[in-house]
Amino acid sequence: MSAQVVELLQQRIESLQGAPTRLTVPVHPALEDLVQLRTGTSYAVDSASLALALAAGASRAGEWVGFAGWGDFGAEAASQWGIDLRRTVLVPEPGDLWLEVAAALVDVLKVVVLKPTTLVDPKSAAVLDARLRARSAILVVWGAWPRVEARLSAERVAWNGADRGRGRLSRRELRVVVDRGGRRSVRDLELP
Amino acid sequence: MRVLVAWCPDWSVTAGLFELAETRSDRPPTSHEPAAVLKNNVVEVCNAAARAEGVRRGQRRRDAQARCPELALLPASPERDARYFEPVLAIVEELRPGVAPIRPGLMAVPAPGRYFGGEPHAAALVAQHLVEAGVWDCRLGVADDLFTAEQAARQAMVQDCVVVAPGTSATFLQELPVQVLATLDDDAGEGRALADLLRRLGLRTLGDFARLSAAEVSNRFGAFGLSVWQRAQGAAPAGLGSRTPPPELACEVGFEPPLESAEAVCFSVRTTAERFVQGLSARQLVAVAVRIEAEADGVVTSARTWLHPRCFTSRDLVDRVHWQLQAGTAGSGLRSRRDSGAVGAPIGRVRFLPETVEAAADHADGLWGGGADEQVTRGVARVQAMIGFDAVRVPVLQGGRGVADRQASVTWGERPVGLRPLDRPWPGRIPGPAPARVFASGLPAEVVDESGRSVAVTERGVVTGEPWRYRIDAATDIAVRRWTPVSSWAGPWPVDDGWWLSTDASGRGRSARFQLVGVDGRAWLLVWSAAGWSVEAAYD
Chain S
1 MSAQVVELLQ QRIESLQGAP TRLTVPVHPA LEDLVQLRTG TSYAVDSASL ALALAAGASR
61 AGEWVGFAGW GDFGAEAASQ WGIDLRRTVL VPEPGDLWLE VAAALVDVLK VVVLKPTTLV
121 DPKSAAVLDA RLRARSAILV VWGAWPRVEA RLSAERVAWN GADRGRGRLS RRELRVVVDR
181 GGRRSVRDLE LP
Chain E
1001 MRVLVAWCPD WSVTAGLFEL AETRSDRPPT SHEPAAVLKN NVVEVCNAAA RAEGVRRGQR
1061 RRDAQARCPE LALLPASPER DARYFEPVLA IVEELRPGVA PIRPGLMAVP APGRYFGGEP
1121 HAAALVAQHL VEAGVWDCRL GVADDLFTAE QAARQAMVQD CVVVAPGTSA TFLQELPVQV
1181 LATLDDDAGE GRALADLLRR LGLRTLGDFA RLSAAEVSNR FGAFGLSVWQ RAQGAAPAGL
1241 GSRTPPPELA CEVGFEPPLE SAEAVCFSVR TTAERFVQGL SARQLVAVAV RIEAEADGVV
1301 TSARTWLHPR CFTSRDLVDR VHWQLQAGTA GSGLRSRRDS GAVGAPIGRV RFLPETVEAA
1361 ADHADGLWGG GADEQVTRGV ARVQAMIGFD AVRVPVLQGG RGVADRQASV TWGERPVGLR
1421 PLDRPWPGRI PGPAPARVFA SGLPAEVVDE SGRSVAVTER GVVTGEPWRY RIDAATDIAV
1481 RRWTPVSSWA GPWPVDDGWW LSTDASGRGR SARFQLVGVD GRAWLLVWSA AGWSVEAAYD
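In the order they appear, the protein sequences are chains S and E. Heads up, the first sequence is in the working numbering, so the first residue is 1 and it goes up one at a time. Heads up, the second sequence is in the working numbering, so the first residue is 1001 and it goes up one at a time.
Please keep in mind that the hints were generated in silico from the structure rather than gathered at the bench. Model, not experiment: these values are computed from the prediction. Built from N, CA and C at the ideal position, the CB exists for glycine as well. Heads up, some of the hints might be wrong.
[Claimed, not checked] Short derived list, chain S residues pointing at chain E, Cβ under 7 Å:
no.	residue
1	47
2	72
3	80
4	82
5	85
6	101
7	159
8	163
9	186
10	189
11	192
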């Protein structure tokens, strides 16, 4: 325990000294041990809930999070995941300037969830990655992205609770696959 | 000390007509036409033209309209009366400081003895200034004490003055009928009751009342009666609770020649914004709502009230000026970088008016910081400058039945207003996990049963067939545009509002919600109405 604290403090000191370091950002308890969020990197997800889950850990730890290009943002779901809406910035329709908006948000927010409206070329993505490293932020892309640290996808989703007109959706079981450039790790989860 | 009282009869009506003239562009009723202020459907105040038609205080709305069909009806609003009386006070204050506002429509000021060439001349000057400001019905009275001066003003003709010579207050008052007591300003209506009682006792004038002995009055009419008796003796206290003129907190800056770009205006208003904030902070105040007005060619072309979640700093104000001037240009909303910066007409003047100020102590930073991170605020302001101030939002929760009703978003840097409370039961809302994607307007969809007929809900709230497969037409994802078999479903839950409306093109009317889960594991929240199916949200 104390060793972890010392390590954390050392990372803090390094980041204060100006060196772009890779801090770890807490993740939602449901995804703990499965994926570790490190600042300066980008992650890709394929479902809205996973994007919310990745942002939730940082928001619960008191960081600011932002969502860009997500016009149909479910605020209630976000707050059920534990995201503090008072520390949330939402840019529903960034239009053609989505890359610039994402870059500006990365400057000041810890976790930025981006839903690109068009395909991004590797060069622009590299510029944004450099910005991420300089600012110690995390980019979560809901969609396609040229180079990511890990790609999370939800597979075999099964909803419980609804049965031919009776009940209501209550919980879901799903298999989260984390693809780290070829290395795959799989975990079956039950999420609310 | 001599007191001058200025009385504007039926001030509520006058103020209401002023407001009407400001808000209505077509011909508003003038003050010579009948108008009345109604409270609880009963005439509270009416003007002389309405009185001539037979409208009376205390009449019901219907009776008043029967007497005078063209009567302009105005809602009662004490705030409005006070607001429009403020400039009138300022006019008199310019002539003679020490104005004591008694109530909207009535003010007192120490009579300027010789300065304007005697009391009648001074009163005439006040009347002239009031008439120039549009208050044509004003009456003035000058006397030794406030009560007598008010009664004198009530005896005066329009724009005229009645001067009660020094030492003759008692003589003047004692000829007045007791009915004048009904106009005494008190909330409990004691003056009205006393006037009625004295009339029934056979005391017709204030003189009759004044001839009673102090002990008799005190025994029979109590403290209030005694104070009236003292006034009728001409012995009312003359002191005025005069006000200090309110400090001038608004700031403005003029540009000569007028500026044509928002950037130039922002650069030039910076010092004025700092002066505005400093002027407030010198009085230990901060502004939480500021009205910014921009003038072009002497006409206010852009005016807007901005709310701030904390309090305005000078940089916030400059940002707001920038956004406001940009929003006035064509194609506001999402803008590219090229066309930003131009303003519609050259700006000649920018004005900051504090709408709501609060004590600075309530907004001070804690020792370890507080409120929104300074850095985040700056960064988000940069995004706002890029794509428009209203493109950056803060999501908030609110109460409601449908999933789309239960959330809202506020422009970054503004305060949420008019949210529905969360702590009500909201019958008909769907409990359980909330959908991660909520569509602002429903996506049209199709749901059919095993035989291929569209599934509907009967008036009894029963489905006509079991949902078998579905298709979402407008989805961006190609996969869900194809027919997908339903693996499980829940519902129908009849929607609790709007069922009494007829089903028209807008799709309102009887409706019910369903949750559908496709075989691919995707879950959707759909709503059925007679107009068809639509997808409200996705449990992605």
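May I ask which of the numbered hints given earlier this structure violates, with the numbers listed in increasing order?
-> Violated hints: 4, 9 and 10; rest satisfied.
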